[in-house]
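One line per chain: the protein sequences are A and B, in this order. Residue numbering for the first sequence follows numbering that gives the first Met the number 0, starting at 0 and increasing by one per position. Residue numbering for the second sequence follows numbering that gives the first Met the number 0, starting at 0 and increasing by one per position.
It should be emphasised that the hints constitute simulated quantities derived from the structure, not laboratory data. Treat the hints with care, as some may be off.
Note that identical chains are pooled: a pair holds if it fits in a single copy or bridges any two copies.
EDC-like, lysine to aspartate or glutamate: derived pairs with alpha carbons at most 20 Å apart [claimed, not checked]:
(1) K56 <-> D187
(2) K66 <-> E39
(3) K56 <-> E144
(4) K56 <-> D143
(5) K128 <-> E107
(6) K128 <-> E108
There are 2 protein chains.
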Amino acid sequence: MNNGTSNTRAADGPPPAGHAAHASTRERLLASAADLFYTEGVGVGVEALCKAAGVSKRSMYLLFDSKDALVAASLENRAPMYHALTIPPADDGRAPRARILHVFERLEELSGNPGYRGCPFVATAVELKNPEHPASVVARRNKDELTEFFRTEAEHGGAADPQALARQLTVVFDGASARSVVQAQALDGLAVTMATTLMDAAGLD
Amino acid sequence: MNNGTSNTRAADGPPPAGHAAHASTRERLLASAADLFYTEGVGVGVEALCKAAGVSKRSMYLLFDSKDALVAASLENRAPMYHALTIPPADDGRAPRARILHVFERLEELSGNPGYRGCPFVATAVELKNPEHPASVVARRNKDELTEFFRTEAEHGGAADPQALARQLTVVFDGASARSVVQAQALDGLAVTMATTLMDAAGLD
């Protein structure tokens, strides 16, 4: 399932013959797939996908066992970029409250982007409707990473129940991004206000 | 687009010849479509849809201009039932806080149902990724109805800013239902706790 990781690992040793061309087809397919799935949904067919990536179906099936595996790998591959859009770098010297608010400020900005289609992890899980699908597993793990970021900050900030606050903040993130999709408009401070209220109530400094 | 309404209107006058059979095909198609779109997503093809409903494609296209129109009409048709699952009846004699909490208590219950796939309005909008799609318009209007329910109750309960609280509660509803889908588990009190905290902060009695 996780072809993204195995490819990275291959780079540790000497590249096999044809590795560069292989990697480039793979990367192109992963990038095209991530773009298409985000803008049109994971229901996009293999035909359209290969066409957009300029890759033959045969090449696709040599690289990925199934479309399901490609959906999962493309989400996994794009995950670090998605996280970097909202989660601040470690040790940026700011207090936990500011670091948590950074996530919601960035979400508010992203929601004003005409191409914004909500949280890619939530969208994937909601579209697939199957918690066992390999891409739903990727989605769940990545939402857990956001919750873990919140929990760590909440703990540093002295929240009464860091895990509870972290789950609440994740709900605000997902609910606010869903709202922005449903309403087709930017958030206008809603997410930041809610995060602030919940941090205050949880006794975070 | 809104075939659901035009059919209701037709019932005001004398039924045309063949009306009963026509209405029954229509109702069967709307019900099958709503079920299938909720459990498998709005990407389900016309072929599969007609097969599940036991209706020919020709009959479907006589009743609906397009699949898009059917997606919208089936969501609209099911909307009163969806609302009744969470929104309490008018004038049940309870205080605004209890009436608002009713929505979240019901959501917590629903999220424990193995067939729960999240809020159908949010799911539809997130899957379609197009705010102009007739079904996205239906979704938006129905989320606005939930917000309006919260706003009215928040006003009766003396909240400082009823509209702001109503939007926050809608975000909790959507974020919590998304979480239940992503995590594939029941909510365990999260939505009720968040709603309570936000109502307290907003000064609702």
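Evaluation of the provided hints:
1. Taking the closest pair of Cα atoms, K56 and D187 never come within 20 Å of each other, the shortest separation being 44 Å inside a single copy and 45 Å across copies.
2. Taking CA atoms no more than 20 Å apart as the test, K66 paired with E39 passes in both settings, with 15 Å inside one copy and 17 Å between copies.
3. In this assembly of identical chains, the alpha carbons of K56 and E144 never lie at most 20 Å apart, being 34 Å within a copy and 46 Å across copies at closest.
4. Within a single copy, K56 and D143 get their C-alpha atoms no closer than 34 Å, and across copies no closer than 44 Å, so neither meets the 20 Å cut-off.
5. With identical chains, the CA atoms of K128 and E107 are at most 20 Å apart between copies only, with a shortest distance of 18 Å across copies and 27 Å within one.
6. For the identical chains of this complex, K128 and E108 are inter-copy neighbours only, at 19 Å across copies versus 28 Å inside a copy, given an alpha-carbon limit of 20 Å.
The structure does not agree with the numbered hints 1, 3 and 4 stated previously, though it agrees with the rest.
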